[in-house]
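Novice: If you read the sequences in order, they're chains H and C.
Going letter by letter, the first sequence gives residues 1 to 113 in my numbering.
Going letter by letter, the second sequence gives residues 1 to 114 in my numbering.
Take these hints with a grain of salt, some might be off.
Listed next, with one range per pair, are the computed distances between beta-carbon atoms [claimed, not checked]: (1) H/Glu78 with C/Lys3: 19 to 29 Å; (2) C/Leu39 with H/Glu45: 18 to 28 Å; (3) C/Lys62 with H/Pro81: 34 to 44 Å.
Everything labelled a hint here was simulated from the structure, so no lab data went into it.
A quick note: this is a predicted structure, and the numbers were derived from the prediction, not measured.
Positions of the beta carbon are idealized from the N, C-alpha and C atoms, including for glycine.
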Amino acid sequence: QQKVQQSPESLTVSEGAMASLNCTFSDGTSDNFRWYRQHSGKGLEVLVSIFSDGEKEEGRFTAHLNRASLHVSLHIREPQPSDSAVYLCAMRDTGANTGKLTFGHGTILRVHP
Amino acid sequence: GPKVLQIPSHQIIDMGQMVTLNCDPVSNHLYFYWYKQILGQQMEFLVNFYNGKVMEKSKLFKDQFSVERPDGSYFTLKIQPTALEDSAVYFCASSPGLGGAEQFFGPGTRLTVL
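Let the hints inform the model, and build the full structure from the sequences given.
Specialist: So this is what it looks like as structure tokens:
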């Protein structure tokens, strides 16, 4: 069973400064890694979905995947106070091919004006 | 973007009662999921459902749990009887396919079992 660890547990940045979040996983068999955002009381909003090693950019959000290091990161360019939320890393479990996602515990991001 | 709706947003019930959580998935989606998030813990997969059948379920999906989607209506999670440890936020998700197809999540139903 995949294990997913996120760091840091919480992060505070100033508006406009780059925010970087990290996720490590227990094995590299998954074919898809995702970053979601969860504002308080809301559902999950997908930010970036990445399949291959390297970088994928979606607007101000960039994911970097390195399977050999069992690591995927999320970088948020020019964060704004409205980006304050819980950020969840998730990966698709390819074992039974049912679409099951395994999540990390999340990183609480606070962006100060 | 596509929206998944969940009804109700909050539910408080006494231990031992039955509860049904309702999910209105995206209209053309074929795969449906329930996830459970206990306060302060990570979100965990419960079950997924396709073509009227459970495809995979986790160890959290106890015998007291059941899912169905009768005639294309709500996708439901029923718990009968409920236990204190069932208190959590339950998130529904739907997707048009498997593989890299995106799962769209609802806002969750907060269930409190007293």
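Novice: Each of the hints needs a verdict: does it hold here or not?
Specialist: Against the structure, the hints come out as follows:
1. H/Glu78 with C/Lys3: 19 to 29 Å: With Cβ atoms ~27 Å apart, the hint holds.
2. C/Leu39 with H/Glu45: 18 to 28 Å: holds (21 Å)
3. C/Lys62 with H/Pro81: 34 to 44 Å: holds (41 Å)
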